[in-house]
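**Student:** Listed here are the chains, written in short residue letters.
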Amino acid sequence: MIEIKQLHKYFGKLHVLQGIDLNVNKGEVLSIIGSSGSGKSTLLYCINGLEPIQQGQITVDGIPVHEPKTDINKLRQKLGMVFQQWNSFPHLTALENVALAPKIVRKMSKDAAKTIAEKQLRHVGLGDKLDVYPSALSGGQQQRLAIARALAMEPEYMLFDEATSALDPELVGEVLDTMRLLAEEGMTMICVTHEMSFARDVSDRVAYFHQGHMEEVGPPAQIFGDPQSPHTRKFLASVR
Amino acid sequence: MSEPISFFSGFQANDLLFLGEAAGRTLLISTLSITIGTVFGIFFGWALQASRWLAQTTIGTILDMFRSVPLIIQLILFYNFFPIIGWNTSPFAAGAVVLSIYTAALVANVARGGIEAVGIPMRRAARSLGMSYWQDLRYVVWPIGLRAVFPSWVGVALSVIKDSALVSVLGYMELLRASQILITRTQEPFIILACAGAFYFALSYPLSKYSQKLEESWTS
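Protein sequences appear in the order of chains A and B.
Position 28, counted from 1, in the first sequence is what my numbering calls 28; the numbers after and before it change by one each time, with no gaps.
Take any residue in the second sequence, count from 1 to its spot, add 1000: that is its number in my numbering.
Worth flagging that the hints you see were computed from the coordinates, not collected in a lab.
Incorrect hints may appear among the rest.
To be verified - Pairwise CB distance ranges, derived in the manner of DEER restraints: (1) B:Ser1051 / A:Asp111: 36 to 42 Å; (2) B:Ala1093 / A:Glu156: 41 to 47 Å; (3) B:Leu1214 / A:Ser109: 27 to 33 Å; (4) A:His194 / B:Leu1207: 21 to 27 Å; (5) B:Arg1052 / A:Ser135: 28 to 34 Å; (6) B:Phe1201 / A:Ser135: 48 to 54 Å.
To be verified - Derived BS3-like pairs (lysine-lysine); straight-line CA-CA distance at most 30 Å: (7) B:Lys1213 / A:Lys129; (8) A:Lys129 / A:Lys103; (9) B:Lys1162 / A:Lys110.
Ideal Cβ positions, reconstructed from N, Cα and C, are used throughout, including at glycine.
When you get a sec, could you build the whole thing from the sequences and use the hints?
**Tutor:** Here it is in structure tokens:
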């Protein structure tokens, strides 16, 4: 379970997250929606310790993320993350991209790392691209490669930071399908997204962020059908 | 009437051997300086990138001085400075030390550029997989950064091979110094400088060619 209590985050004087309280249960899919600059991506960076926090606490399965004594590299193995920019390692083939972290972080043998990399690449539909370099893959394929790379660490949670925002419209579908597949398999997911249909159809809960606050959170039917906050209503009206 | 005495004698085959030996010394001092300078340069480049303020004001300032002052001035200053601090050094050692620092100063900027070429999003992606700072440097930043700045490093290495000619002012018998001696004896500067140039080319060309091959293998 991921527990966020009274989280405050500043970038200099800018108060980006202003007292966020949120729990995400095992097996749950939470989508975070909101306009740009509302702090939703920053929240994901804070959850896996890529950004320091100034106040409050985040725990993952009871382990505080920002405590100095926490082995953050070990904790991050529980938290797969997929970014807006896929960031494939350009000097490695698809298979090597996925096998790298299992080999050096999980200390798996070369063969075991290769086996798990192959399995995850097939999982995301890239079984025929094992020996291809990222430069020869489309944006959608590279994003699926990034998903496979995160899955190869066998994480318990997956964080998606606008995973489809940088893609051409015709490539968005294949990445969303992969995310749907993971949700169906029971993966715990936090998805920062602008894809309202995904948030509505796949999520168990949807949270709406506005200017550093979590305005409201609830089942998709409630957020999309009967939003309580005027900000949420305004935002949803603008994206429909 | 006896023939006039000549102090000069023409260019002979064994003079080529003399130049060849000198080219060997050029190769030695260049290889040594490039190797040591590159190792230190990478370290300095990393320090400049990792701790901006502290490294910039300390290492950065010193390296800027070495980059800005002409190498010939550095060589003469240091060669005369070493005995003052009680280190009676040979022209080779003084030349190697100064050339190494000079190379390090140039490589530091190349290395910093290499690290910065990788970009924060890529490094965050690596860290998000559970890689430690050092694993990220070793497995992600190093290979990607190296490919980005390798041509610049080759440029530095080639220029250091040529700049090593300046060590001749300390009396080290490298290629240029040997050529000057031969020119004095033979009065045939054209042939001798052409031979010396050919030796420099022979030293530099394999590095240039090998680096091209390496870059091609990275892009294929």
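**Student:** With 21 to 27 Å as the target window, see if A:His194 and B:Leu1207 comply at their CB atoms.
**Tutor:** violated, 51 Å
**Student:** Given the hint that A:Lys129 pairs with A:Lys103, does the C-alpha gap stay at or below 30 Å?
**Tutor:** Answer holds: A:Lys129 to A:Lys103 is near 20 Å, not above 30 Å.
**Student:** For the range 28 to 34 Å, tell me whether the beta carbons of B:Arg1052 and A:Ser135 fit it or not.
**Tutor:** Since the Cβ atoms of B:Arg1052 and A:Ser135 sit about 32 Å apart, the hinted range of 28 to 34 Å holds.
**Student:** Given the hint of 27 to 33 Å, check if B:Leu1214 and A:Ser109 actually sit that far apart at their C-beta atoms.
**Tutor:** holds, 29 Å
**Student:** Does the Cβ distance between B:Phe1201 and A:Ser135 fall inside 48 to 54 Å?
**Tutor:** Once the Cβ atoms are compared, 35 Å apart, the range 48 to 54 Å for A:Ser135 and B:Phe1201 is violated.
**Student:** Can the suggested window of 41 to 47 Å be confirmed for the beta-carbon pair B:Ala1093 and A:Glu156?
**Tutor:** violated, 59 Å
**Student:** 36 to 42 Å was suggested as the range; check whether the CB atoms of B:Ser1051 and A:Asp111 agree with it.
**Tutor:** About 40 Å separates the Cβ atoms of B:Ser1051 and A:Asp111, which means 36 to 42 Å holds.
**Student:** Regarding the pair B:Lys1213 and A:Lys129, is the alpha-carbon distance no greater than 30 Å?
**Tutor:** holds, 26 Å
**Student:** Against the 30 Å threshold, does the CA-CA distance of B:Lys1162 and A:Lys110 hold or violate the hint?
**Tutor:** Violated, because 44 Å separates the two Cα atoms, which is more than 30 Å.
In this structure, the hints that do not hold are numbers 2, 4, 6, 9, in rising order.
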